[in-house]
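Participant: Now for the letters of each chain:
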Amino acid sequence: MMNNPASDTAVSPHQSRALPIALATAALLVLPWLVTNDYYLRIIVLSGFYIVLAVSLNITTGFTGLLSVGHAAFFGIGAYITALLTVGAEWSFWPAFLLSAAASAAVGAALGFVSIRLRGDYLAIATICFAEVLRLLALNWISVTRGPMGVPGIPAPRLFGVSLDSQQAFYYLIGVAVVLVIYTAHVIQASPFGRALFALRDNEMAAEAMGIDTRLYKVAAFTTGAMFAGLAGSLYAPWLTFISPDNFSYLESVMILCMLIVGGLGNIWGVAFGAVLLTFSLEILRPFETFRMAIYGALLVALMIYRPQGLFGNLGWKALRQNIGSRFGKGRGPAREPTP
Amino acid sequence: MTLFQVGGVGKRFGGLVAVDGVSFSIAAGEVLGIIGPNGAGKTTLFNLMTGLLKPTQGDIVFRGESIGGRRPSQIAARGMARTFQNIRLFNSLTVMDNVLVGGHTQLGDKFWGAFFHTKAFQRQQENLRKEAERVLRIVSLDDKRDDLAGSLPYGAQRRLEIARALMSKPTLLLLDEPAAGMNTGERAGLIETIRTIQASGLTLALIEHDMKFIMSLCERIVVIDHGQKIFDGTPEGAKADRRVIEAYLGAEE
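Quick mapping for you: the protein sequence lines, in order, are chains A and B.
Note that numbering that gives the first Met the number 0 numbers the first sequence so that position 27 is 26, with each residue one more than the last.
Note that numbering that gives the first Met the number 0 numbers the second sequence so that position 70 is 69, with each residue one more than the last.
Think of the hints as simulated: they come from the structure by calculation, not from any bench.
Glycine residues also receive a C-beta, built at the ideal position from the N, C-alpha and C atoms.
Just to be clear, a hint being listed does not mean it is correct.
As the list claims (entries may be wrong) - SDA-like mimics (lysine to any residue), calculated; alpha carbons at most 25 Å apart, straight line:
| no. | chain 1 | residue 1 | chain 2 | residue 2 |
| --- | --- | --- | --- | --- |
| 1 | B | Lys109 | A | Thr240 |
| 2 | B | Lys211 | B | Thr195 |
| 3 | B | Lys109 | B | Thr195 |
| 4 | B | Lys109 | A | Met204 |
Unchecked claim - Just a sample of chain B residues kept apart from chain A, beta carbon distances all over 10 Å, derived:
| no. | residue |
| --- | --- |
| 5 | Gly7 |
| 6 | Glu64 |
| 7 | Arg70 |
| 8 | Gln73 |
| 9 | Ile244 |
Work out the full structure, taking the sequences as your base and the hints as a guide.
Facilitator: Set out below in structure tokens:
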């Protein structure tokens, strides 16, 4: 396919896309040196964290249809493990980083396993409870987590003896995580593994009858999503330098879910854009103070009325038309089951 | 040679006995028809055979091994595929992707080869795609491969279910009312398709209401009524059997 002789004469799609991609990459690489305002750079880095969270939740909820409202818990597990190991136990960052991602993945697998029989609203409630239990644990297990006092003074990662404590350094660190999660999500989407996840989302019984062990794939979807959230959390702790249970509340999980819905559930670039958009709009609305969340809420409601599939809904026009058709009783066969 | 056997299989939902001690076998290469009035327990029987339901009694043997209580995915991997009475496609996926999902059990590596862009993985994907195109031609859907499955007309959706099942290279294919809702022309086409499938060496079992459809395909039929097997033999024999006639037309008081 790559060595198609026809592409020698005509401009191949690869070539025509190569230039914009190269320019965008270059722009993103120099961005932290162009944005001199530390506050703006912080918002950019923060949106990087949310991109990782949204794209990873999209694997669980968008690809597989498992409605999880506890994603912030995995983010918190990653952050707390890194914080406690680097501050209390004085580990260096990198082993703590790996352990955070692994532990978060393991907890994700466990949650996936106990949630195998739950779906839709019930699964959502189970994930909310799970996340709340973990938050309460962090809040009350004071001898380990310092409870509401939080963990202060989290050291920045060091690489080859250099402390990566600048905003630019975190920009590149989270940038690597963003690239990794988006690449992985794309690979999943195009692989038989991803196809199995989509199949399971669309029709669990048919997927099982076609030889897909749906239990295994549900657990895998939870594990993958949790791992990336843990990885993001692990970078988040030294970036903030101080974490407390408040950082990983239920509202945080809802916010990540909103990013998915705004961007377009299932669409990788869509949810990444949703993450950036919501992060920035919350900052832009800061001058409105008291009314900030109200305006934000109204905007979300308006979006859901006028564009229920999100800004970049991946269903496409064709499926949308079919959905409308079946809503008015014109569609034939079963209507597409709504993805949560 | 017996490929598949159910022995005294029963399924009870609380007080309701849906399937009551049914026994029959399917020989390799044959097309078995399963008929019976509405609510006789035919689909429940299929669900027991494919593992979607666990039998409350009896045993099911497929390719020389008991499969009662196995997961549907394990049974599918052993070479049994099915279609559904109420169509169950992956509606938000394309026709091609639906068929490729059918090839799930044929694949070893499902992720890492894609992550590292290995040559072996690309070859495997290429072969799978070629096989999918071949299967789509059998059911004449090769020109629809990029359409969304949910957007297909009804008859095409039924054919797509068959294609998806064929893609798993099954030894036994179960079709649950494959002709339901089809017009005469579509039925004739479906009969041709099923004959082609049979000629390629597959064993089939199908549930159907249309006797003409059954007659033109099956050498042997099993009749189910009230969860029990009341007849096992040739279609002609069934037409003459008193209990079968009673089941369909009602007994004389």
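Participant: The structure should be examined with respect to each hint, and the outcome stated for every one.
Facilitator: For each hint, the structure was consulted:
no.: 1; hint: B/Lys109 <-> A/Thr240; result: violated, 40 Å
no.: 2; hint: B/Lys211 <-> B/Thr195; result: holds, 18 Å
no.: 3; hint: B/Lys109 <-> B/Thr195; result: violated, 31 Å
no.: 4; hint: B/Lys109 <-> A/Met204; result: holds, 20 Å
no.: 5; hint: Gly7; result: holds, 24 Å
no.: 6; hint: Glu64; result: holds, 16 Å
no.: 7; hint: Arg70; result: violated, 7 Å
no.: 8; hint: Gln73; result: violated, 8 Å
no.: 9; hint: Ile244; result: holds, 34 Å
When held up to the earlier numbered hints, the structure conflicts with 1, 3, 7, 8 and fits the remainder.
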